[in-house]
Every structure is written in C-alpha cells, then in structure tokens.
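Asks: Taking the hints as your guide, dock the two standalone chains into a single complex.
These protein sequence lines map, in sequence, to chains A and B.
Sequential numbering from 1 applies to the first sequence in the numbering used here.
Sequential numbering from 1001 applies to the second sequence in the numbering used here.
If you're looking for bench data, these hints aren't it; they were derived computationally from the structure.
We treat Cβ as the ideally placed atom computed from N, Cα and C, and that holds for glycine.
Take these hints with a grain of salt, some might be off.
So, partial list: chain A residues that the calculated Cβ filter (under 8 Å) puts toward chain B [stated by the list, open to error]:
#, residue
1, L31
2, T33
3, F138
4, I142
5, I150
6, E261
7, F262
8, I263
9, T278
10, L286
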Amino acid sequence: MSDVTTEQLEEIRDRPGLLSQIATFARKQPLGTGGAVVVILYVLMAIFAPYLTAFDPTANSYDSQFVAPNAQFPMGTDEWGRDILTRVLYGSRTALFVGFTCAIVGSTVGLVLGVGSAYFGGIVDLIFQRIMDVFMAFPLIIMALAIVSITQSLQVSPESSVYFVIIAITLPLIPNCARVVRSSALAIREIPYVDAARANGFSDTRIILRHMVPNVMAPYLIMITAFVGQAILLEASLSFLGLGVQDPVPAWGLMLRNAQEFIRTEPWIAIWPGVAITLGVFGFNLFGDAVRDALDPKLRSQ
Amino acid sequence: MWQYVFKRLLLMIPTVLGAAFVIFFMLRAMPGDVCELKLGGEGAYVDEAQIELCREQQGLNDPLVVQFTNFVGGLAVLDFGTSMWTGRKVAYEMGLRFELSLQVAIMATIVSIVIAIPLGTLSAVYQNSWIDYFVRSIAVAGIAVPSFWLGILILLALLSVSDALTGTRWTPPIDYVPLWKDPAYNLSMLIWPALATGYRYSAVATRMMRSALLEVLREDYVRTARAKGLTETLIVNRHALKNALLPVVTVIGIEFAFLMGGLVVTEQVFNLNGLGRLLVDSVTQVDYTMTQGIVMLIVLIFVFTNFLVDILYAWLDPRIRYS
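Here chain B stands alone, though its shape is the one from the complex (with noise of 0.2 Å):
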C-alpha cells in the first residue's frame, strides 16, 4: 500500500512540470506583453525607452529559459513570484480571493451530494418507471444548463420575489465578509451561486448514484438478503448503499477539482470577487505571473484531488490492484 502512495505520488511530479511548461510557453506565445498594455493600453503615446525598462524589471528581457526556470523554482518552494500587473505578491492576492471560492466550491459539493445521493437511489430502486425517467431527465438537466444562465434565473427570482414580499428590490451582497464574522451575511451572499454550480455538479453523481447501485443491486450477496426476507427498504439501505457510494466519493472528488474551475463562470454571474475571476482579468491584463500563478494552483489541486481519490479508492476497496 505504502509503495503504492509514494509511487503514484511521484508519477505526479512530471504532469505537475508538463503542466507548468504548458502554460508558460502558451503565454508566452501571445502577441503584447503586461508593460505594452499597462503603459500604452489607452492608446497614448509611450516613450518606448519607458516600455523596455518596465519589460527589464519585469524579467521579460530575460532568456525564456531563465524565466522559466525562475517559475517552476519558485513553484517547488510554492512562491508564485510577483504579478507583472498589480505588483504585490501573487500568492498574497490568490489568499484575499481564496477563502471565498474555497467556500462556494464546498457548499456547491454540500448541494450536490445533498441532491445527488436521494435521487440517485430512488432512480435505481425504481429503475425504468417514470421517477426513473423524471430523475435521469433533472440529471441530465443538470448537464445542459450553463451555471451561468441558472444563476442569473436565481437572481431574478430573487428580484421579483423580495419585490413581492417586501417591495424592495433585493440582491444579494457583493463584499465578503467571511463565515465566522457574520454567518447569515455571508451565507445570503454565497448560498445562491454554490446553488447555481451545486446542481449542476449533482447532475454527474446523480448517474454514478444510479448506475453504481444498479450494479450492487444485481450482487449475488444482495439476491441473499432477499431471499432471507428482509425488506427492500432494508437491502438498499443497510446492504446495498454502502458498496454503492465508493464510485460516487471518487466522482464527487474529481468534481471538486473540477468546481474551482466552474467557478470562473459562476463568480463573473454573481460578481464575486474569487479567484476565477482574478483568473478572468489577469488573462485580459496579460499578466503572465499572476495567470501561471493561478492555473498552476488549479492544476495542483486538481492532480493532488485525483491522487486522494486514488489512495483513497485503493483503501476502501481492497481488490483493486496496485499497479
């Protein structure tokens, strides 16, 4: 097991690299750097002198090698360098925005657990009826519609309802105040974009749900318990349910990774001030720093989310083998 883990959790040090070379070079390949924008970006005269000053402190004068070297250096000791654009540090302006996305992200896989799993268990008890087709039907739903389009519905019912009832037009607060300050403030501030992404990541596990009870029920063990008479409410809940949620964990797993990157769209909705949407400008400002910055910490997240969810895969289930 041991050998395992410390195997898989070498394999991740090349994709980490690759990744982090992926998006260096990409960058680099764009026309315009951050000193033409950030000086010249209105369209006024610029000393070009200026601009080739602004590019020697930022390090773009250096051979691609250097910076790339800087870069992954950095990022082995976890300093992300300093953003070509704003000039304060990029892990200090990725902390102000973290807390907030981190936050939506987990109350999102709340909702989408809380949906997924019922559904999920009475679209498999129930297999081929009309709940069968109605749940599949909300699940697939829940793929098509864009989290975008949900959240902006949300906010007009939000709009129209408190008009209704109070006659005041409200909406949701946009400056964050974190949850242990003022727990209601911040939860009618986040609850309504983790909504908007929750349901559509409930969409995916909802099928797991289904599919991977579906295929416990059929067990020979299963059959057993029948046959010794106990109830059907019984064999899927104490039985069956169990062996089920081990694929549903790892979706649910790979998704949350997934969610930092739904998060983008989402906070652009609900104008929040996260960390896809520091992602959203600091593509537009062409600040190379503060983009590799981000994508690299999505990128771990992502790969260390998949590693848990393999260690942890390998541990429920001991028949997998490791290799």
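If we strip away everything but chain A, and leave its shape as in the complex, we get (with noise of 0.2 Å):
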C-alpha cells in the first residue's frame, strides 16, 4: 500500500462507527429495527434451547398427557405428554436451520446460474430462460410436494426427514432468484469494464466470480432475507400437510397438524406452534423488506 494522505486517515476517522450506522438504521427503518430484534431473539432461541427448559422435546411421559398450561407446563402438554414450550423451544432449532440453509444454497446457485446466464447471453441465456420459465409454472408449494413425494421413501429415519424438506424447499428457490440476479447481471454485462477485463485475457470464472458477481450483492442479499421467511412457512405447511419433517423432531408445522385432531377439547396444543412461526416469519420479513429498502438504491427515494 501506498502512502496515506492526512484526508484519507480524517475520512477513515470520521467514518461513523457500526453503533452509529446501527442508530441511523433504526431511525430510518423502525419496522425493519423490530424484524432485527425478533431475528436476533430466534436465533438465540435457537442457540440455547436447551437452557431454556428442563423438559426433552421428544421423551413421551404417559402420566402427563393433555395437561391445560399451568405454572409446570406453561403451555400445556400435547397427546404424547410432552410439554408444549420446549417443543416450541426446540422448533426454532428445526424452522431456523431449514429456513437459512434453504435461503443461502438456493440464493448463491440461483445467483452462479443468473449470472452465468447472462454473462454468455445469445444461445445459452436463452435456453436457460426456458428452463426458468418451465419451473416458475410451478407453484412453490405444488413444486416442493412433488419433490418430497420423491424423496419421502429414501428417508431412514425421522431426523433425515428435515435434510429432504431441504432439498424439496430450495429447488423451486433457484429460479426465482437466478431471474432477479441475471436481470441485474445483464446491466453489468454492458459496462466496459467487463469488456476490458476480457480483452485482457481473464478466464469466464474469473470474470463472472470477481468482477460480476460482486456487483450483484445487493439483489442477492435481498434474495436471501426475503427466502429465510418464505422457506420457515413452506417447511410449516409442508410438515402440517404430513409431508415434511417426521415425528418426534420438534417443528411447529408438525405441531399443529397433530393438534387439528384435538382442537374440540384440547385448543391450547393449536395456539403456540401457530404464535411461533408466524412472529418469526414477520420478523424475517420485516427485516427482510428494511434489507432490501437500504440496498436497493431505486427503490430508497420511497
């Protein structure tokens, strides 16, 4: 590095610090301030279930089967005497891990794809658009049914139930995000600098990996907050439907589709799981929307 000049080192120290830039957030992004916090608070709950609770999510206790909340079990305990709380606890381990492993792996192919796409353009973009076009006719939940449908009988055991929910969720994200980074990659495409870096002999990988893909960061980070929340309901309507995660593994889906049997006598089982997903969904999308508002240089001015 070349030498420092006294401006650079005045910018560098009046640069406003990470407490600061997190203060301008929330004044500018209220709602999105209040996404964070709910994120922040799941993926602490996540963290320390365990700590949270004396019970096991997944032991069976027959003399405490149905019980109505009470100071033990302030939520009550579900058909198998298990206590409502702890799988709620547990749950967020479940929504959380399948939520951000579905949102990162479909968002990064779908942006190698998009990128790609664009960055050859002529034949290949164009066969590409057709395949996208083929799997966005599917809806998302239509698509992940019939993938697990595939994969339901490869599953050895109730635990690698949650790695097939995976697979099922992030395949129909690709295309949604491959078709939002290569409408941006394209505008890229056309700055001479990408030119340049041809004419300087770069390797494609190397173009498209330092020069493009950089340059699509921000529809892509908006890509991957706004899959976390979509992919924590799908995996819930997928479980709810019988179709996802498997007995005993703690999911709030799961939970209520055990509940809807019992909801006549026993309408605290179908309260909490519900409670769960949907703030946590809220907060992801919230924060999501406050993610895409600050990155998304057109849309600001609103």
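Replies: So, in structure tokens, the structure goes:
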C-alpha cells in the first residue's frame, strides 16, 4: 500500500462507527429494526433452547398427557405428554436450520446460474430462460410437494426428514433468485470494464466471480433475506400436510398437524406453534423489507 | 397487438410441454409404484405375478417414451387419462372437486380485494404516519400467518362463539352443496376457508396498492390537479386511483393462479374435499396419472392467467412495448 494522505486518515476516522450506523438504520427503519430484534431473539432461542427448559422435547410421558397450561407446563402438554413450550423452543432449531440453509443455498445457486446466463448470453441465455420459465410455472408448494413425494421413500429415520425437506424447498427457490440476479447482471454485462477484463485475457470464471458477482450482491442479499421467511413457512406447510418433518422431531407445522385432531377438546395445543411461526416469519420479512429498502437505490426514495 | 397476443400464446407451448416433462419424469424417479402400494400396501403377501399383471394393465411396463407420448398426446386434447388408484377418469375425479376449489379461490380473491384496495390507499395517502405503519404491519403479518393456522384459529373462534351464544358447539359443515342449491349452507361452509386464504393473499396486493398509488401521486398531472385546488379526496378518488389499479390487477391475477396451489393447505384444515386434498392424496398413493393431471391443471391455469394478465396489461397501458 502506498502512503496514506491526511485527508484519507480523517475520512477513515470520521467514518461512522458500527453503533452509530445501527442507530441510523433504527431511526430510518423502525419496522425493520423490530424485525431484526425478532430475528436475533429467534437465533438466541435456537442456540440456547436446552438452557431455557428442563424437559426433553422428544421424550413421551404418559402421566402428563393433555395437561392444560399451568405453572409447571406454561403452554400445556400434547397427546404424548410432551411439554409444548419445550417443543416450541426446540422447534426454532428446525425452522431456522431449514430457513437459513434453503435461503443461502437456493440464492447462491441462483446467483451463479443467473450471472452465468447473463454473461454467456445468446443461445445459453435463451435456453436457460426457457428452463426457468418451466420451473416458475409451478407454484412453490406444488413443486415442493412433488419433490417431497420422490424423496419420501428414501427416508431412513425421522431425523433425516429435515434434509429432504430442505432439498424440496431449496430447488424451487433457485429459479426465483436466478431470474432476479440475471436481470441485474445483464445491465452489468454491458459496462465496458467487463469487456476490458475479457480483453485482458481473463478466464470466464474469473470475470464472473471477480467482476460480475460482486456487483449483483444487492439483489442477492435481498433474495436471501426474503427467502428465509418463505422457507420457514413452506417447511411448516409441508410438515402440516404430513409430508415434511416427521415426528418426533419438534417442528411447528407438525405440531399444528397433530393438534388439529384435538382442537375441540384441547385447544391450547393449536395456539403456540402458530404464534411461533407467525412471529418468526413476521420478523424475518420486516427485516428483509428493510434490507431491500437499504440496498436497492431505486426504492430508496420511496 | 394481435401479433403480440399470438406470439405470447405460442410461447406458452414450450413452457407447458417443459412442465409436463418435468412432472412426468420426477414422478417416475420415485421408487415404488401404485401397484406395489395398492396390492401390498398393508404388508400382506402378494404374488409377484399379480403385481406384474397390474403393472401391465396400468401401462407401467411400457417404455417411458411411450408413456410420455401418451400423456402429452392426451393433454393436447385435454384428456388426462385414468386414475391408477381409483380406476376412474382423472377428469371425472377432478371435475367432482374443481367446483369447490374454484369457488373458494374466487371468494378468497374477493376477500383480498376488499381488504387490499382501501387499506393500500389509506397507507399511501397517509404515508409514514402511524396509519401507514399500522397497515404495513397488517400486510406483513398477512404474509407471515400460515393460512392453516389462521384456519385453525377461525375454527376455534367458531367453536367458542357458538358455544357462548347457543350452548352447542358449531363447526362448519363438510359436505359440499353447490351455491345455487343452498346458498346459505354453501356459504356457511366456504366463507371460512375463503377468509383464511384471502387475508393472506390480500397482503401482497395491499403492498402493491400502496406503492403504486405513491408512484402515481408523484406524477405531474396530480400536481396539476393540486394546483387547480382540487381537494385531496377528489384527487385520489378521481385521478390517482384508476391509474394505480393497473399493477394491483396484475398482482391479483397472478395470485389467483397461486391460490390454486395455496388451497392444498387450507383444504386440509377445513376438511374440504377439493383439488388440493386430491393432490395430497394422490401423491401419497403414488397415483401417477392423477398427480400429473392435477399438477398440469394447476400449471395450465397458472400459465394461462399469466398470459391473460400480460395481455390485459398491454391493452390497459399502451406505453408497454410489445416485445
């Protein structure tokens, strides 16, 4: 590195610190900050679940079936005598694991495909677009259902069901991200520095990874944050249909599925898992919206 | 314009063909088939020859290319084939349930329009006030609430309200009667799933309404109207709303197609015997023909709605280039 001028030093010194940046974000995006708080709480809940409860989320107990909420079981117990609070807490692990994995893997694959398609252009792009069209013609849940139906018979244990759910949700998310990334990458493709890089003899991989990908980070991050909530909701829906996570793994959608039978007599079973899903997805969506507003200069004025 | 319509129509063909290809081979990729499940599903001993005979009858032993050609050839004349599980025509089985699902979808769309347009307008007119924040929170919450949980909550509410009022616990009927035969009975059954799904779908439309109206309110002609001294109410109702509705119509149109997918979950909650329920059942029964049929029906509705929305959009807004 060459000499640093005094002005540069001053600029670095005057650059707002992390705390003040957060403060600015909070002032400009009160809803987004609320969302961020929920997200952080959920992450903490997932990490510290074992320390927040004395019960085992999967152990059956036949002398405490269908206990209405009381001091010992604040949210009551279910048909197997399992503490609902404990299962709601542990359920956050399943939800967040599925949510983050699907969002990150789905958007990253979408990013690579989208940028690649825009970079190579021509016939590659055309074919790619037609394929994306086909996959976008299925509503998300239908696609996920179809994939789950294939993978269902491969399941070896209830615990492995989580991984198959992840596959079923990630695959249909890919074209959604690829399409958005592609349209931003097309604009970048036209900027002369890409041609300059090619004139320098850089390889396609290098141009894509070093020159194009960093410039589509904004839509990429927007897609990731938007996908987390969607993936959590999809997982809950699949589990609710009985085609997702399998008992005894604690998952909110599955808890609601089991609760359905008992809503006439034991309504408390059906309340809290739904609250957990709604609040979580609400938080992730609010946070995602704020990230979009902050990163997308076109929307910033609104 | 007609050239555009024609071109857009032609573009649907590869998409639908591709979708048929994807769903067909995806189903065949799964281990086990309907014959094994139907004859030996209970773990009972079945003669291998019997399973083989069943496969032969269902055409499962034909080369995949032949099966695929039959499937696509049938689609071209809207013949979905025969269900491998029940042995009845897929179109007949779908016809039995289609009416119910379509009615719920239409009612849910009405619910979402009734919620979205006034709320979105309020939110835009009072931008960045507490009304705006409140409406936006309701909208984001709508996307966050799983419709199946909302359905359960509605059922719980019905149980306790009816208990308090009449002393008996009432739940919506579950056997379908067409709207024109007994409207009260029909509505008492289907209004609840329509509310549960409609609220969720209103959320996207509300947000669209808000941002579209905000954009229009910044246009020059709105400023002119203000300069003329028109009241804000008149500006919004007479001048801005009409132009802002365009993208909202698009969103509602696209959502209508998504609704058919969303019903899969809602029908489960309310125990409705609709298309979504049929799809879940046929997936678990490894009924290839039925699953294919329903998925393709949903894809067709989806692709065709998109087509209609595009055409409508081009027709309503002549500035859109037909390319």
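Asks: Taking each numbered hint in turn, which are not upheld by the structure, reported in ascending numerical order?
Replies: 2, 6 and 7
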